[in-house]
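The sequence shown begins at 1 in the numbering used here and counts up one residue at a time.
Please keep in mind that the hints were generated in silico from the structure rather than gathered at the bench. For clarity, every value in this text was computed on a predicted model and none was experimentally measured. Wrong hints could be hidden among the right ones.
In silico lysine to any residue, SDA-like type, Cα no more than 25 Å apart, as pairs [what the hints assert, rightly or not]:
| hint | residue 1 | residue 2 |
| --- | --- | --- |
| 1 | LYS187 | LEU170 |
| 2 | LYS49 | VAL136 |
| 3 | LYS21 | THR109 |
| 4 | LYS312 | TRP348 |
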Amino acid sequence: MNKAAERVNIMVVDDTPANLKLLQEMLQAKGYRVLVFPDGKMALNAASKNPPDLILLDIKMPGMNGFEVCERLKSDEALKGIPVIFISALTETAEKVKAFSVGGVDYVTKPFQFEEINARVETHLRLRRQQIELKVLNDLKNYFLGMAAHDLRNPLGAIIGFGEILNDELSSSLTPRQAHFFDVILKASGFMRGLINDLLDISAIESGHISLERQPVDITVPVTRSVEIGRALASKYNMPITISCPELLPQVFADNRRIEQVIDNLLSNAMKYSQPGTDITVRLRHENNEVIITVADQGPGIPEKEQLKLFKAFGKTSVRPASREDRATGLGLLIVKRIVEAHGGKVWFVSEPGKGSEFSFSLPVASCGQ
1 MNKAAERVNI MVVDDTPANL KLLQEMLQAK GYRVLVFPDG KMALNAASKN
51 PPDLILLDIK MPGMNGFEVC ERLKSDEALK GIPVIFISAL TETAEKVKAF
101 SVGGVDYVTK PFQFEEINAR VETHLRLRRQ QIELKVLNDL KNYFLGMAAH
151 DLRNPLGAII GFGEILNDEL SSSLTPRQAH FFDVILKASG FMRGLINDLL
201 DISAIESGHI SLERQPVDIT VPVTRSVEIG RALASKYNMP ITISCPELLP
251 QVFADNRRIE QVIDNLLSNA MKYSQPGTDI TVRLRHENNE VIITVADQGP
301 GIPEKEQLKL FKAFGKTSVR PASREDRATG LGLLIVKRIV EAHGGKVWFV
351 SEPGKGSEFS FSLPVASCGQ
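My request is simple: use the sequences and hints to build the entire structure.
Quick look at the structure:
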């Protein structure tokens, strides 16, 4: 008997007693602990109290069918990771496609051969174990990343602070060469501080510790505040930033500070990759119970073959910032994506080389009860 199998709980859900008995005996012979249920509601209730490692699920059952059971499982945060293998006499392609669309990982048609069932069970249990192990490693990585970034931020803040003081006090007596060195030190330190802040954000977001203080928000407030700051930075490059809002917008249910962070990131990218004298536009609109915010620039655009790099950690393209002084961490768009998704929104973009880029995100409209 497989010792690893002894620790595995498999749930079988089928309204045919003969199938339940056969699968139970066969799986128990392999060393698995097996729970059998003749209907979906009983299975869901049992799974919520003691989640199994894998579920074999029939489709055609009285009351709640297998598709509905799987959808309920996948909507539950504690149960959605359980692999579901459908076992059914239905052989139509449409049924198989639906089984995968509701979250199933496999599909076996009746009458089944147990060797096939066992091979698929072993495969998906192995994949599930690997997923869990990877999650543990990823959580550990995020913990150490956050800890290292936090420990670096304080001494770096001291370097920047004292560097700025010395630069102010000694500026009149510095040679051009020394002034250049001070400028390089402060700019490099500022870039490092931005990178550390991004790493701390990514660490918190990826580990599920992002804190959102959500409330009904007039989206024009954080947009206007970010644009005003952006205008001050862009003015030296003769780079106008305009807001287009043709209608009165409903409130969104959001964390004001985090949404301002999203807009700051998108505006910063637009300014970074735009040439002096070009325009940046922030557009707002209401569509399908969502508010959509778009930041459009007239920059170089992103080559189609490199667009898949966006919204990934350290995903940099061949497009270089307009100023050599600007540097990108490769984390800003990933942070934007994670914050927006935590709000229940979406992020997308349209970009064409030579015609600029438009980055958009949506936020759900606040309901009366929020």
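Now for the hints, and whether the structure bears them out:
1. Annotation: proposed proximity of LYS187 to LEU170 holds, straight-line Cα distance about 17 Å (limit 25 Å).
2. Pair hint LYS49 plus VAL136 holds up; C-alpha atoms about 23 Å apart against a cutoff of 25 Å.
3. Of the supplied pair hints, the one linking LYS21 and THR109 holds, its CA atoms being roughly 18 Å apart against a limit of 25 Å.
4. For the hint pairing LYS312 with TRP348, the CA-to-CA distance comes to about 13 Å; that is within 25 Å, so the pair holds.
Checked against the numbered hints above, the structure violates none of them.
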